[in-house]
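Chains as they are written, first to last, in my numbering: chain A, 1 to 163; chain B, 1 to 459.
Derived from the structure by calculation, the hints contain no laboratory data. Be careful, since some hints might not be right.
Stated by the list, open to error - If you anchor each label on the Cβ, the simulated ranges turn out as follows:
1) R124/A with A28/B: 18 to 24 Å
2) N226/B with G12/A: 38 to 44 Å
3) E70/A with R23/B: 54 to 60 Å
4) E70/A with R48/B: 28 to 34 Å
Said to hold, decoys possible - Facing chain A, according to a computed beta carbon distance under 10 Å, are these residues of chain B, among others:
5) R31
6) S39
7) E215
8) F388
Claimed, not checked - Footprint (simulated), chain B over chain A, 3 or more residues, beta carbon under 8 Å:
9) 36-46
10) 53-63
11) 93-99
12) 103-115
13) 129-140
All C-beta atoms in this analysis are idealised placements derived from N, C-alpha and C, irrespective of residue type, glycine included.
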Amino acid sequence: MRSSFVSFTLNGEEKELLIAPGQRLVDVLREQCGAMGTRNGCGQGGCGACTVHVDAVPMLSCLVLAELAEGCDILTIEGAARDRTLHALQEAFVAEAATQCGFCTAGMIMAAKALLDRDPAPQREAVVEALSGNVCRCTGYEPIIAAVLAAAAMLARLPAAAA
Amino acid sequence: MSADITARIREDIFAAERAGVFRAVGRALPRIDARAHVSGSTRYYADRSFPGLLHVVMARSERHHALIGGIDLSAAEAVKGVVRILTHKDVPNNWYTILKLIGMGPDEEPVLAEDRVLYRGEPVAAVLAETADAAREAAGKVRIAYEDLPAVLDIEAAMLTDASAIKPHGSNLFIYDGRDHFHVHCGDTEAAFCEVEHILEHSYQSSPIEHAPVETTGAIAVPEPNGRYSIHSNTQAAFFTLDNAALILGVPFRHLRVIGGTVGGGFGGKVDVIVEPIAVLGAMRTGRPVKYAFSREEEMQVSSPRAAERIRIKDGVMADGRIIARDVRILVDAGAYSRHSPYGTIKAAAHMPGPYTVPNVTINAWCVYTNRTPSSAMRGFGVTIGDFAVEVQMDRIARLLGRDPFELRLQNAYRDGEMKPHRKKVEGAALVEVVQAAAERIGHSLPPEYRAMSSSRKG
Ligand code: FES
Ligand code: FES
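Excised from the complex, chain B in its bound form (with noise of 0.2 Å):
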């Protein structure tokens, strides 16, 4: 196996940036944990014992968009083995968001839902039981008034000015330093457009992704003798899950101790921080390890997916195949809450025109909001879907104009040293040598001056 992938290594591509051979580039080597995996042995967070550890389960909205009249849980509470039911007045801070660690606000997410639920699975109250079973009965019987409000559950719905606002901000859009949406520009594409030979538009859709991990998102915290608390947790970010959960929880970073790093898959799914900051206050309240984990259900139904999009390219292109004008209108489903698909639109339109040199581009982005999962990270989020839909309309470039889609792409591809719209100057470019390597093996053949292009020169 390793010879083989050593084979497919282009050691003349890219030789000046190399020092020496390679040692593990272009091997298989065993992955540390393998041995682990196979005898059985690695430890999952799930995989350790606590004495008199409780469980959570969670009551959460049966509401797309409502406002919530009360919460009784005096049926819950008569449950055997129910110890603590926790709501929104338990948790010190209850507003918050999780990428307030880099700087992006405002606080706009309850840990536990106060007076209206945003989405269906919305969190309302953390039953602690004894065991899972009278947990799961007791959530069941928390009676959770509600009065219905129109739900948005369409982004572009979301969208018209009529449209009901679902977040307490009056509009269905987050905020970029005052502007309903992210705008990356260069050149006059506006003037290309008049000078090009043709137009092509088209838009593209996609569903929102579930991760599915074989093991779902959960944490066990534990009080420690000396007042603070280990996090055992499958999570893929420990140090956002500690920060986050300290600020939720009002205690100093120092506080709390996250023990990871062993994950049953997660692609992105398990970077929110929803389990911690319970399964700990939980801990907090009773004095008692706790463990709160997403059944298969909830990890279908709550954990956040990729988001949905939907993008619109408006190409001018000339009779050569140049395509010297981009505009891109791109709309990304935040679903209820923002989690990281702030972060996700700024990387989608930044990631615009794709690997290519259009020297006019307009590209504008909207998060927006709708009453529907919270979408967050997940495998390359912000640039998958806007790939997909790149390298769609290059093909549909390539026909039109009855090019070859390789060389059309060989002829637009990026080079080293180039600009980017939103003015990042192009470093280490691979697509002309990727196109290269993919014709040659499923057998294209390329003209000469094609083979002999390079993503290092113009050319």
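Extracted from the complex, chain A is given alone in its bound form (with noise of 0.2 Å):
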């Protein structure tokens, strides 16, 4: 089996890779494109330190063929804010101290933000549903989730064009 391209975008910028067949998405982003603030925890689909969106779909990273992201739109923590203004996620987690070591942050921020994104105002369960593949060992999910629904309440107040 032979190298390929495949090409993506990643935070809105157009991407053409050469990628080894087998190669992981989570490191494809890392190593190739630079990517870092995408973590790999556990590189089995066990802690989702590596979710990332492919086409505004939570997906983990660790477990997705870099091959198979061709044509996709692809978003990483990276491109979370916008203009270098954080989303209300990434103020919310801040806000409720809902981040210690960080390693898991960018991940929850990302599976977070994919339920924000289809459900701008979720029940407490959705939000604990939504992160239920997140494993966070430092803080405690009580103030992620708390974080969550912050955030959710600020972006209820912004304009829409903002959010």
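Starting from two chains that each stand alone, build the complex the way the hints lay out.
Written as structure tokens, this is what we have:
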């Protein structure tokens, strides 16, 4: 099997990369694209630290073959802020002390963002469900859930265009 | 949020110990690194790229206890991309013990196994390859010939006189200044037991606990043009790592530089010195940057957990609730090697009898070797399990006497100025105030004399 060219958009930027067969999306994002904010916590789908959006769907990038990203629109934590302004989720994680070591944080925020993108006013249960694949060993889940709910409230107060 | 926490700080307590007002205590200040965490820009050790980086995967013991008949590297060396395979012969000073730096010996752990393995997962041969995949494949092809020995997997079994000794000093116990256990006592426990109304004896047991940080243990060693080595690491103990690595590698301390401080979860699991010496050795032997990171499986299987403990507490209690004698036996499962367990065992002994003043106390604590994964530091190691045992014991005493468990604790709580069994004076005691505040918060009313108690005076 030979390497092949794969193109996708990463945080709005066109990419065309030579990908070896079997290469995982998490490694390509980190090593070839320099998007180090996506973390590799287990490499086996167990922790959620590597969560990114592939065509607006949250996915574990350690379980996605990079060659399958052909033509996809990929969003990572580096693309969550706009024009250097943090997303409401990012602000809320700071304000609610929802991050300690930070290793789970990018994955948490990407999983939560996928939820708020499709359900801007989620119930607590929906937040718990959306984060159920993401492990945090430091902070405890309560501040994280509180941060997601606070971000939803913040977004509700913003004019639609800014959200 | 900050207002809520401030409201909980009772400024009337310990007023004398405070100069002025609290500026940070009682307030929720944002972490200094929080914005970098949420934007993904925090750089952990693995977030740096080095051209020519080699990857280490360790070939490990598949046995709990065995002699090694031979190590065949030929199939592993034939894997495409393999650059070098390190065995114990490559390690300048293969025998070490991490607490040597605070004077607790002897050297008793090999960096890489020599003629025997003492636990399943013990490192035997380090494969360096161009890619992690090649290193993993080759590590799976290292052939180790074993001759099985009986495995000792239980702490009490390890202490039996006919147990097979797994350590070279001929015993399964760490030796403290010529004694096979650590001992603390005060008063005359035996005599006191003859005078008490009740004797209560219970045993408590815990399992090993894995820290499971979301970022696994790892380091990258980089040869520098000046002949020195930089170590990018997620260690929680930069100087322990630097000094132990230098001793193992036989280089002056100044030849190593540890760059760290950003840790993706540690909880004590990243204070042993495991990956750095191998990464630097690889960099020395190949002249290239070398990364050695645990897989998730290794993090679970071989990173050192909190020690399993077995604790027996025997209390002598008077009818009025005073505990006047406490005899404690503590067994700490060090696993196959010392790591931080001899120290954790001392902590466990010194911590007894908990935050209570008991005039007659005997404590015997054994640091026991077994063929299990070496245990080490984890959040309050040595005292956490002991606290569990002591507090369950306090509840049992309260139940036996028909006493309120809050009042029993307040009655026996140590006060400033009292002497602990290991001859340390109590300072900054706060148990009385904590119990009072806990009672208040759950709406449990205490009689006035208990509400008036204070840590700073007896009564
Ligand atoms: S790294 Fe992908 S789920 Fe843990
Ligand atoms: S903040 Fe450390 S794992 Fe979540």
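Cross-check of the supplied hints:
| no. | hint | verdict |
| --- | --- | --- |
| 1 | R124/A with A28/B: 18 to 24 Å | 21 Å, holds |
| 2 | N226/B with G12/A: 38 to 44 Å | 42 Å, holds |
| 3 | E70/A with R23/B: 54 to 60 Å | 55 Å, holds |
| 4 | E70/A with R48/B: 28 to 34 Å | 29 Å, holds |
| 5 | R31 | 7 Å, holds |
| 6 | S39 | 6 Å, holds |
| 7 | E215 | 5 Å, holds |
| 8 | F388 | 20 Å, violated |
| 9 | 36-46 | holds (count 10) |
| 10 | 53-63 | violated (count 0) |
| 11 | 93-99 | holds (count 6) |
| 12 | 103-115 | holds (count 5) |
| 13 | 129-140 | holds (count 4) |
The structure fails to meet hints 8, 10 from the earlier list, while all remaining hints are met.
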